[in-house]
Every structure is written in C-alpha cells, then in structure tokens.
Amino acid sequence: MTATLTRGAERIHAAFARAGAEGRAAFIPFMTAGYPTAEGFPAVADALLEQADLLEVGIPYSDPLGDGPTIQRASEQALAGGTSTRRTLALVRDLRARHDTPLVIMTYVNPIYAVGPREFMRLAAEAGVDGLILPDLPPDQDLEIADLAAEHGLAVTFLIAPTSTPERVKLVAEACTGFLYAVSVTGVTGAREGTALAEVPAMLALAREHARVPVAVGFGVKDAATARQVAAVADGVVVGSAFINAVREGQDVGALAAEIARGCRK
Amino acid sequence: MTSSASVTLPSYPQPDARGRFGRFGGRYVPETLIPALDELEAAYLAAKADPAFLQELDRLLREFVGRPSALYLAQRLTEHAGGAKIYLKREDQNYTGAHKINNCLAQALLAKRMGKRRVIAETGAGQHGVASATAAALLGLECIVYMGREDIRRQALNVFRMRLLGAEVREVTSGTQTLKDATNEAIRDWVTNVRDTFYILGSVVGPHPYPAMVRDFQSVIGEETKVQLQALEGRPAPDAIVACVGGGSNAIGIFAPYAYLPEDQRPRLIGTEAAGEGVDSGRHAASVAGGRVGVLHGSMMYLLNDSEGQIVPPHSVSAGLDYPGIGPEHCHYSETGVAEYVPITDAQALEALQLLTRLEGIIPALESAHAIYHAVQLARELGPEGVIVVNLSGRGDKDVAEVMRLLELEQPQGQRGEVRA
Ligand SMILES: Cc1ncc(COP(=O)(O)O)c(C=O)c1O
Numbered sequence: 001m002t003a004t005l006t007r008g009a010e011r012i013h014a015a016f017a018r019a020g021a022e023g024r025a026a027f028i029p030f031m032t033a034g035y036p037t038a039e040g041f042p043a044v045a046d047a048l049l050e051q052a053d054l055l056e057v058g059i060p061y062s063d064p065l066g067d068g069p070t071i072q073r074a075s076e077q078a079l080a081g082g083t084s085t086r087r088t089l090a091l092v093r094d095l096r097a098r099h100d101t102p103l104v105i106m107t108y109v110n111p112i113y114a115v116g117p118r119e120f121m122r123l124a125a126e127a128g129v130d131g132l133i134l135p136d137l138p139p140d141q142d143l144e145i146a147d148l149a150a151e152h153g154l155a156v157t158f159l160i161a162p163t164s165t166p167e168r169v170k171l172v173a174e175a176c177t178g179f180l181y182a183v184s185v186t187g188v189t190g191a192r193e194g195t196a197l198a199e200v201p202a203m204l205a206l207a208r209e210h211a212r213v214p215v216a217v218g219f220g221v222k223d224a225a226t227a228r229q230v231a232a233v234a235d236g237v238v239v240g241s242a243f244i245n246a247v248r249e250g251q252d253v254g255a256l257a258a259e260i261a262r263g264c265r266k
Numbered sequence: 001m002t003s004s005a006s007v008t009l010p011s012y013p014q015p016d017a018r019g020r021f022g023r024f025g026g027r028y029v030p031e032t033l034i035p036a037l038d039e040l041e042a043a044y045l046a047a048k049a050d051p052a053f054l055q056e057l058d059r060l061l062r063e064f065v066g067r068p069s070a071l072y073l074a075q076r077l078t079e080h081a082g083g084a085k086i087y088l089k090r091e092d093q094n095y096t097g098a099h100k101i102n103n104c105l106a107q108a109l110l111a112k113r114m115g116k117r118r119v120i121a122e123t124g125a126g127q128h129g130v131a132s133a134t135a136a137a138l139l140g141l142e143c144i145v146y147m148g149r150e151d152i153r154r155q156a157l158n159v160f161r162m163r164l165l166g167a168e169v170r171e172v173t174s175g176t177q178t179l180k181d182a183t184n185e186a187i188r189d190w191v192t193n194v195r196d197t198f199y200i201l202g203s204v205v206g207p208h209p210y211p212a213m214v215r216d217f218q219s220v221i222g223e224e225t226k227v228q229l230q231a232l233e234g235r236p237a238p239d240a241i242v243a244c245v246g247g248g249s250n251a252i253g254i255f256a257p258y259a260y261l262p263e264d265q266r267p268r269l270i271g272t273e274a275a276g277e278g279v280d281s282g283r284h285a286a287s288v289a290g291g292r293v294g295v296l297h298g299s300m301m302y303l304l305n306d307s308e309g310q311i312v313p314p315h316s317v318s319a320g321l322d323y324p325g326i327g328p329e330h331c332h333y334s335e336t337g338v339a340e341y342v343p344i345t346d347a348q349a350l351e352a353l354q355l356l357t358r359l360e361g362i363i364p365a366l367e368s369a370h371a372i373y374h375a376v377q378l379a380r381e382l383g384p385e386g387v388i389v390v391n392l393s394g395r396g397d398k399d400v401a402e403v404m405r406l407l408e409l410e411q412p413q414g415q416r417g418e419v420r421a
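Just so you know, the sequences run in chain order S and C. Under the UniProt record's numbering, the first residue of the first sequence is numbered 1, with each subsequent residue one higher. Under the UniProt record's numbering, the first residue of the second sequence is numbered 1, with each subsequent residue one higher.
Source of the hints: derived by calculation from the structure; they are not laboratory data. Honestly, I wouldn't trust all of these hints.
Claimed, not checked - Covered stretches of chain S, going by a simulated chain C footprint (3 or more residues, C-beta under 8 Å): (1) 75-86; (2) 101-115; (3) 133-139; (4) 148-161; (5) 218-225; (6) 229-237.
No residue lacks a Cβ here, since even glycine has one placed at the ideal position from N, Cα and C.
Make a model of the complete structure from these sequences and hints.
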C-alpha cells in the first residue's frame, strides 16, 4: 500500500476493520445491476445492504467468461432490460444516496475500454463507487488502470486462484489497493453442491505474506455453513450466485442474507 | 521440404515478451488461467526446439494430412477475370477439408507431450471441431467440442462427423448461439478443468501464446507457397495474396512468412472480412471495417462492440467467419499498413462460390469464396503481368446444404438448380 490511501480504499479497509472488531468476516454480497429488472434491482440491493459490510454490484456483460450459468443468465436478462454500463452507474448513484456502505463495481475490462478508462473512472467516482473488481484483468496486463482508478479515488481488487503460483500471488497481492479476492475453487462463479474449500487455507496463508489489504474469499459460497468455513480463515466472504438464484425463485433475499451474514461470525 | 533433418517452425519478431503485437493481444483472462498459459508457452517453446516433435509433426502433415497442398494455377478463373494470374493454394485438399487440421494436429501432439488426456475445442463451421476430433482420435485423446445451437443447425453434417469420430459435441445455447459463445463456453470449461485439460484453440485469437502458436503452426501454408511459386514463377512472392479472415488463422498462415520481409520484397497482403449484408447494415462480421478496439476471449483486438462495450452479435453467411473479432496480429498489420482488409458481402461470396465451381470444378467453402471474389476484382486491377495467390482455405462440402437453401430462396419457381456463372 502506498503512503496515501485513496478515499475508496480507506472506506473499504474501514468496513473490514469494523467487521473484524465485531468478531466477523466482512459479509460481501454480489448482485448483477438491473437484475431482475432495472426497477426491481434497488429493492434487492436494499435488502442485501441491510446486512452487507460491502456490496459488490456487477455490470451486466454480454460475454462474462469468468462466470457460471447463474450470473451469465442474470447478465443476459439485465442487458435485455436495458441495463448496461451507464445505467449501472446510475443505479449505484441511487444506492449511494441512500446508504453509506462501501460499493464496489465488478466489471470485465471491455466496458472500461469502451467508455475510455479515464472517463469510466470519472463516471464511477461521480456515482459514488469505492472500488473496482476486475475478473479478467491480471494486474500486469494493464499498468494504467490501477493508476487511473487511484487518481479518481477508487480502490482496485484483483484475483488469485488455487492455480496461482507463489510469484503470481505476490504480484497480484501487491497490486491490490481495496481488498484481495481469493477465488476458492478452480472454476467459474456459481453456487455448487459440495463446494470443496480444501485449497483455501494454504492459498490464504500465502496471500497474507504479501497482501497489505484485507483478503476475501468467493466463488461457490452459498449458505451459512460454507460462509462459516470461509470466515474461519478469511477477512471477508463474497456470495453471489446464491442471491441471484434466490431472486429468480422469488425467495426472501433479506432473510437469506441475514442467515449467511450470521455464518460470517468467527 | 520433406527432408526431416531440417524441419523447423518459423520464428517471427512479433509478438513481444508480453504477447503483444503493437498494442494488440495480451492475456485478458481470469487469473486461474495465467499459470496454464505460462505452462503452455514453455511447453510450446520446448517442443518447437525439439527435433523429435518437429519430425513427428512433419510426418503427420505429409502422411496423414497430405501436405504439401498444391499451388494450382486457376486457368479458367484467370481467363474469366481477364487480368493477373490467379493461383489457388489448395488447403481444401487437406484431409478433413480445410487448413484447420494443420493447427489441430500440432496442438494435439503438444497436448500429448504435456501429458494431457482431455482436449476441448470450440467450433463455428465445424471444421475446427472435425479437425480436433480427428486429431484426438488419431492420438487417443478424449475430445469435447463446444458448438453454438445455430451452427449445429447450419452444419449438421460436421456435427455427425465429430460424433462418429468419438468426440462429444456440447450444444451452446447462451448469447448468439454461434462461435463467440462456443468460445466463451470452451474457456469456462478450461478455467474449471485447467489442470488436466488442453484447450485446442482454432484460430489466431485468444490469450498469448495462442495467436503466436497457431500462426506458427499455420505458417506451413505460406512457407510451401514460397517454394512452389519459386518453381512456377521463378520468384517466391506473388504481387498479392488474398485470404479470408474470420479469426484469421488461414490468412496469417499464408501472410506471416511474407509479412516480416522488407517492404520491397513483400507482396500486397489482403484479408477479406465477412461483410454479411453490408458493413452499413449492422449485420456483418467485419471487425476491421466496422469494429473498434476492445477485448474479447483474452486479447485486445478490433471488435464489434457498442459504445458501452457490449459485444455486438456478428453475422455472416459462412459460419467460420461469423466472429466479432479478428486476431491481434492482423490488427497490428492493419494499423501499420502491412496488410489491407476488405469487406466482402454474403451475396458476393455466394456469387464467387458458384463462379469457381463452374469454372474450375472446385466447390470452395463459403469462407474461401470471400477471398475468391476479391481476387477476381484484384486480378483486373493488377493486369496480366500480375500474380495473385488465393488461400483456398477449405472445400465446400460442409456448405452445400446451406448454399442449396440460399439459392432456392433466391431463385423464382421453376428455376431450381439454375445457378449463375
Ligand atoms: C474453410 C474455412 N476457412 C476459413 C475459416 C475461418 O477461420 P480463420 O479465419 O481462422 O482462417 C474457417 C473456420 O471454420 C473455415 O472452415
């Protein structure tokens, strides 16, 4: 971490610190912007924000190659409903007006390049975004994005995976300014049956040697039980597909979020 | 060419160490894949330096694929065009019917060398799928091919061939249900099974090292052309080379051996992009003419994408060109003026397909027909002193049913089967 933290990084670190002080891993739900519809999204996000330490909002994308079928279909539905980059930022601005919880955007890089990295960062900062999660951007691919984000007060999060070599873990960990995102499984997003989190502790031990930011774990966490397993070793727990499944099936998203948030207690 | 002592793969000055051709290329993929790409790059470089690998590849290309493919003077087409001599580089003579087999055999050999027993592939026209299934059968590998539902409809015969060869064809129903989404699905499979799976990528696209590796494997087309043209015309380079471009592998295969020559020795290199119903119609697959720089399938390239970065579904009459991007090396050639890219419409390709069939007795793939159309125009422009080589990337067997359907739609009642020449 450089000497001066960006506004976004400070807010994100503070959220982790608060959760940690309460004996919890930070609870980080994910939702695709504009899902199930642009009109329906704010209520879903509000329900998640009741419980969340941080909310991750996904820009729906036509070719989400790091995502499994659940988020992929949610993206298709949100896009069909007219939500894309600028609409997503408008939805975030609306959330920011009503909540103080840190908001981070999950986006593939192409929407950033299409809008223009500088313009994208400006729009995101203006909407009240605190940080970015970039699932198809290994940090050494584009050395400008993180700088531009910092210039606009935003934090960046890159990902490590169970396949990452120690050198890659070091490189990625040192590039993160918001939090480090450790992918729990070798695979794409999705709530799985019998998620094996066996590789997580070793990966986290390695990550902590280099990361000067909190470390969160995601992919495949779907209920309080899996959240508890992750919370035992991580600073934060990310849960996405399970909430999209809940929205699709008309379940009470707030109740599910409360249950999983309880699972995040250490 | 067949003396096994001197078998090598070419080395070109691009890409740079980070997999960039100018500003294009790179590795925009989930971190999960980065170690696998590093492993692949190392394995490829080792194989490239290993005479045993190169000799086995060379043997298979000769004995299994039937290389070298002919460089054939298309006399009646030349007369018809009334200008430059038109030679056809006959990749349609390859076993399985297209250039795709050159690359598939090489990658499957590499997979085997790396100890991977499971290979996956994506396919649009089915040619790459058939070639992958064939190579897998030959080498005893498990093979899974991802194919969009729309392409499965258009290319039913190739689907059957893959299944007959023992491959599993997985239908892709997301997005456009064509090559773009089949590629997404293959990448998702690879992210999930990366530890024991080799991804046989079908064109000069995807994250580094794929665009460079596929180019090297396809360069046999251009290397043969040099030798053959020397024998036929007394010079290794023609005045112009024309090849169709989807992702761009057949075109790179014939361009690259010439592209890095000094400018005064370099022929004009022309890629024909699928303009579908016209670049202005919005229904096309012409990424240079109608796209802008973006990232898809792990690399930066010219791409059909809207002002917010959503990929615009491409359209082409030929499934093999129906792709929203174009390989990063082509993007660099275009930006630096090494090659030109021209859009050719569905109707022009259909016309050229009939023309070549009637004049030469060769039914080309719809993809290759895009190049034929432009070669005829160019021959007129260059005049009788000129020499053009067209890369005839594949044969038209796979397209016959679709062409029949299109021509019947076009012809009024009673004129069925009547085609223009
Ligand atoms: C005969 C033929 N030509 C060309 C192509 C396009 O591929 P590329 O642009 O990689 O050469 C295909 C793809 O399926 C094909 O089957």
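Hint check results:
With 5 residues bearing a CB less than 8 Å from a CB of chain C, the region 75-86 of chain S meets the requirement of three and the coverage assertion stands. Evaluation of the coverage hint for the region 101-115 of chain S: fulfilled, as 8 residues show C-beta separations to chain C shorter than 8 Å, against a requirement of three. Only when three residues or more bring their CB closer than 8 Å to a CB of chain C does the claim for the region 133-139 of chain S stand; here the count is 4, and the claim holds. Coverage of a stretch by a chain is defined here by at least three residues with a beta carbon nearer than 8 Å to that chain's beta carbons; for the region 148-161 of chain S and chain C the count is 4, and the condition holds.
Coverage of the region 218-225 of chain S by chain C is violated. Counting CB-CB distances below 8 Å, 0 residues qualify, and the rule asks for three or more. Residues of the region 229-237 of chain S with a Cβ under 8 Å from some Cβ of chain C number 0, which does not satisfy the need for three, so the listed coverage is violated.
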